[in-house]
Every structure is written in C-alpha cells, then in structure tokens.
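Colleague: Sequence:
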Amino acid sequence: MEEQQQEQKEKKRRDKKRIKCQKDRIVESQLIMNRMKFQIIK
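All letters in the sequence shown, in the order written, are residues 107 to 148 by my numbering.
If you're looking for bench data, these hints aren't it; they were derived computationally from the structure. Don't be surprised by glycine CBs; every beta carbon is placed ideally from N, CA and C. Heads up, a few of these hints could be off.
[Unchecked claim] The calculated label-pair distances, taken between Cβ atoms and stated as ranges, are:
{"id": "1", "residue 1": "141", "residue 2": "116", "range": "36 to 44 Å"}
{"id": "2", "residue 1": "143", "residue 2": "110", "range": "46 to 54 Å"}
{"id": "3", "residue 1": "132", "residue 2": "110", "range": "28 to 36 Å"}
{"id": "4", "residue 1": "140", "residue 2": "117", "range": "31 to 39 Å"}
{"id": "5", "residue 1": "120", "residue 2": "141", "range": "44 to 52 Å"}
[Said to hold, decoys possible] Simulated crosslink set (SDA-like; lysine to any residue; CA at most 20 Å straight-line):
{"id": "6", "residue 1": "143", "residue 2": "132"}
{"id": "7", "residue 1": "122", "residue 2": "111"}
{"id": "8", "residue 1": "122", "residue 2": "140"}
{"id": "9", "residue 1": "122", "residue 2": "138"}
{"id": "10", "residue 1": "143", "residue 2": "127"}
{"id": "11", "residue 1": "117", "residue 2": "129"}
{"id": "12", "residue 1": "143", "residue 2": "124"}
{"id": "13", "residue 1": "123", "residue 2": "112"}
{"id": "14", "residue 1": "123", "residue 2": "139"}
{"id": "15", "residue 1": "122", "residue 2": "139"}
{"id": "16", "residue 1": "129", "residue 2": "140"}
{"id": "17", "residue 1": "115", "residue 2": "125"}
{"id": "18", "residue 1": "117", "residue 2": "133"}
{"id": "19", "residue 1": "123", "residue 2": "113"}
{"id": "20", "residue 1": "126", "residue 2": "114"}
{"id": "21", "residue 1": "122", "residue 2": "110"}
{"id": "22", "residue 1": "129", "residue 2": "113"}
{"id": "23", "residue 1": "123", "residue 2": "111"}
{"id": "24", "residue 1": "126", "residue 2": "116"}
{"id": "25", "residue 1": "115", "residue 2": "127"}
{"id": "26", "residue 1": "118", "residue 2": "134"}
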C-alpha cells in the first residue's frame, strides 16, 4: 500500500513536469510564429 502511494506521487510529479515541458514548447513555438509574422510585416 505504502509503495503504491509513493509510486502515485512519482507519477504525478513526472506528469507535471511533462505538462510543463509541453506548455513551454507551445509558448516557444508561438514566440517563433510571432517573430516570423513580424519579419513578414517589415
């Protein structure tokens, strides 16, 4: 039982990290898109 809870915690933490990573990547790609748009406008 104890081990299972530990396991769950680990998984949650990993998932959080992964989600944060994905968000960062999305923000990154949006920034790149914006930059490209600006260059097209210029």
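Colleague: Now tell me if each hint is right for this structure.
Modeller: Hints versus structure:
1. Remark: the range hint 36 to 44 Å for residue 141 to residue 116 is upheld by a beta-carbon distance near 38 Å.
2. Between residue 143 and residue 110, the C-beta spacing of about 49 Å keeps the proposed range 46 to 54 Å intact.
3. Checking the proposed 28 to 36 Å range against residue 132 and residue 110 shows it holds: the Cβ atoms sit about 33 Å from each other.
4. As the Cβ distance of residue 140 to residue 117 is approximately 35 Å, the hint placing it in 31 to 39 Å holds.
5. The hinted range of 44 to 52 Å is not satisfied by residue 120 and residue 141, whose Cβ atoms lie roughly 32 Å apart.
6. The suggested pairing of residue 143 with residue 132 holds, with an alpha-carbon distance near 16 Å, which does not exceed 20 Å.
7. Taken as a hint, the residue 122 and residue 111 pair is honoured in the structure, with Cα atoms around 17 Å apart against an allowance of 20 Å.
8. At roughly 27 Å between alpha-carbon atoms, residue 122 and residue 140 are farther apart than 20 Å, so this suggested pair is violated.
9. Distance hint between residue 122 and residue 138 is unfulfilled; the C-alpha atoms sit about 24 Å from each other, more than 20 Å.
10. For the given pair, residue 143 sits about 24 Å from residue 127 by alpha-carbon distance, which is inconsistent with the 20 Å threshold.
11. Note on residue 117 and residue 129: the hinted pairing holds, with a Cα-Cα distance of about 18 Å set against a maximum of 20 Å.
12. The straight-line distance between the Cα atoms of residue 143 and residue 124 is roughly 29 Å, outside the 20 Å bound, and the hint therefore fails.
13. In summary, the hint linking residue 123 to residue 112 is supported, as the alpha carbons are separated by about 17 Å, within the 20 Å threshold.
14. Between residue 123 and residue 139 the alpha-carbon distance is near 24 Å, which puts this suggested pair outside the 20 Å criterion.
15. Distance check on the hinted pair: residue 122 and residue 139 sit about 26 Å apart at the alpha-carbon level, beyond 20 Å; violated.
16. Between residue 129 and residue 140, the direct Cα distance comes to roughly 16 Å. Compliance with the 20 Å bound is thereby established for this hinted pair.
17. Restraint check for residue 115 and residue 125: the C-alpha separation of about 15 Å stays at or below 20 Å, so the hint holds.
18. A hinted pair counts as satisfied when its Cα atoms are at most 20 Å apart, and residue 117 with residue 133 does not qualify at roughly 24 Å.
19. Restraint check: the Cα-Cα separation between residue 123 and residue 113 comes to about 16 Å, which is no more than 20 Å; the hinted pair holds.
20. At roughly 18 Å between alpha-carbon atoms, residue 126 and residue 114 fall within 20 Å of each other, so this suggested pair holds.
21. For a cut-off of 20 Å, the pair hint linking residue 122 to residue 110 stands: about 18 Å separates their Cα positions.
22. Distance restraint check for residue 129 and residue 113: the Cα-Cα separation of roughly 24 Å exceeds the 20 Å cut-off, and the hinted pair is therefore not satisfied.
23. Straight-line distance between C-alpha atoms of residue 123 and residue 111 comes to about 18 Å, which keeps the hinted pair within the 20 Å bound.
24. Restraint check for residue 126 and residue 116: satisfied, since their Cα atoms lie roughly 15 Å apart, inside the 20 Å limit.
25. For the hint pairing residue 115 with residue 127, the CA-to-CA distance comes to about 18 Å; that is within 20 Å, so the pair holds.
26. Taking the CA atoms of residue 118 and residue 134, the gap is near 24 Å; set against the 20 Å cutoff, the hint is violated.
In summary, the numbered hints that this structure violates are 5, 8, 9, 10, 12, 14, 15, 18, 22, 26.
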